[in-house]
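Undergrad: Sequence:
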Amino acid sequence: MFLLPRAMRLSSTCRGRGARNLYYLSKGSPGMPALSANTTTTPVNPWTHSPATHDFRSDTLTTPTPTMLASLPTCSLGDDVYGESTTTTNLESRLAALFRKPSALFVLSGTMGNQLCLRAHLSHPPHSVLCDVRAHVNVFEAGGLASLSQAMVQPVKPSNGLWLTLEDIQSTAVISDDIHFAPTRVVSLENTINGVIMPLGEMRRIGAWAREHGVKIHLDGARLWNACAVEGAPELWEYAAEVDSISVSMSKGMGAPTGSVVLGSEELVAKARHVRKAIGGGIRQAGVLTAMANAAIDEVWSGGKYRVGDAWAKRLEGKWKALGGEVSYPVQTNMVWADLKGRGVTEEVWSACAEREGVKVGSGRIVCHFQNTIEAVEALERTMEAACKIADKKEELE
Numbered sequence: 007m008f009l010l011p012r013a014m015r016l017s018s019t020c021r022g023r024g025a026r027n028l029y030y031l032s033k034g035s036p037g038m039p040a041l042s043a044n045t046t047t048t049p050v051n052p053w054t055h056s057p058a059t060h061d062f063r064s065d066t067l068t069t070p071t072p073t074m075l076a077s078l079p080t081c082s083l084g085d086d087v088y089g090e091s092t093t094t095t096n097l098e099s100r101l102a103a104l105f106r107k108p109s110a111l112f113v114l115s116g117t118m119g120n121q122l123c124l125r126a127h128l129s130h131p132p133h134s135v136l137c138d139v140r141a142h143v144n145v146f147e148a149g150g151l152a153s154l155s156q157a158m159v160q161p162v163k164p165s166n167g168l169w170l171t172l173e174d175i176q177s178t179a180v181i182s183d184d185i186h187f188a189p190t191r192v193v194s195l196e197n198t199i200n201g202v203i204m205p206l207g208e209m210r211r212i213g214a215w216a217r218e219h220g221v222k223i224h225l226d227g228a229r230l231w232n233a234c235a236v237e238g239a240p241e242l243w244e245y246a247a248e249v250d251s252i253s254v255s256m257s258k259g260m261g262a263p264t265g266s267v268v269l270g271s272e273e274l275v276a277k278a279r280h281v282r283k284a285i286g287g288g289i290r291q292a293g294v295l296t297a298m299a300n301a302a303i304d305e306v307w308s309g310g311k312y313r314v315g316d317a318w319a320k321r322l323e324g325k326w327k328a329l330g331g332e333v334s335y336p337v338q339t340n341m342v343w344a345d346l347k348g349r350g351v352t353e354e355v356w357s358a359c360a361e362r363e364g365v366k367v368g369s370g371r372i373v374c375h376f377q378n379t380i381e382a383v384e385a386l387e388r389t390m391e392a393a394c395k396i397a398d399k400k401e402e403l404e
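For reference, each letter of the sequence shown is one residue, going 7 to 404 in the numbering used here.
Take these hints with a grain of salt, some might be off.
[To be verified] As a list, the in silico SDA-like pairs of lysine to any residue whose alpha-carbon atoms are at most 25 Å apart:
1. Lys325 to Lys347
2. Lys311 to Arg362
3. Lys347 to Gly324
4. Lys277 to Gly288
5. Lys311 to Leu346
6. Lys347 to Gly364
7. Lys366 to Pro263
8. Lys366 to Glu404
9. Lys366 to His133
10. Lys366 to Thr59
11. Lys325 to Gly348
12. Lys320 to Pro189
13. Lys347 to Lys311
14. Lys366 to Val355
15. Lys325 to Ser308
16. Lys320 to Pro336
17. Lys311 to Lys366
18. Lys400 to Val383
19. Lys163 to Ile181
20. Lys320 to Gly364
21. Lys163 to Glu147
22. Lys325 to Gly288
23. Lys163 to Ser64
24. Lys400 to Arg388
25. Lys366 to Arg140
26. Lys400 to Thr379
27. Lys399 to Glu387
Since the hints were derived computationally from the structure, they do not count as laboratory data.
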């Protein structure tokens, strides 16, 4: 039986309070003094009460659940660089089977996963990678394509405003030996992107074209879990079949503390493993991370918990629209892109109203996940109401 450290156990007065699991420190512990009798602060145990409940900034903020933490005492402590972490190799084999890819590799982050795959596909410059202008690999990975792969980026704005089409790609890709240009060697797709699902049919069109022209396809599938959790959606392996490499997150919306898994051919994964080592990404006792990732798949993916975030997003979309607001993208999974400016709500007002209600938000992107509570959703609805009243000059910001 797995026991929490003494200072983190629930007192008898707190057991059975569900989402409000709190613990009281009545005695000191190493590095943490005891609370005085007149202390009014009630510490919250993050091991039993996720700090992500009221956080709508990103699904990266989900935290390990008690079930995930309980996997630690039985995980392998073998060295993964030496191939001796059985917990890690078991996770990799499980994901390879789930996505029907020959090989898989656990890495520390989605950024690392994307960059390793792209580097493995590219040999030597001049070469370019084509992607959506909004893509994570283009905007949020610190110029990794330039520094790690010496690759030119060909950012493309989707003509439908949602996801890239084959025609978008064909209009920009360089499929020639003209020495004035850097030929397109890889098309990097992202699914979901801004919470929107890229249709499998379009990916199949792009995949067929790419194979005909010798272009590799990489998929940033950090949130592909979300796309496949929707009722009636294709299977994970159906998307994976259309690409040469894929990176899927274990932490975004799933709750594992960190990490992604890259999947592809044995040759690609071998190259990715080599580059992972070169940039300092080799992990020693990786089992302490991969055990929780494996438990997260059971609890969140197999347990159907991705749909919780989707349901919260639909509810919040309805509330925002009822207040006269519009969304920038259709709500298909767990994101609501509230058009604050269009409703006359400033970011200052939005943030202030959210802080008053005890919720954390970004600018206009609301990201829901399975650890959000009904209390948090109601607080965010009150945030919307207050912000709109101020925008309508019915109230003033205090």
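Undergrad: Can you list which hints this structure breaks, lowest number first?
TA: Structure breaks hints 2, 5, 9, 12, 13, 15, 22 and 26.
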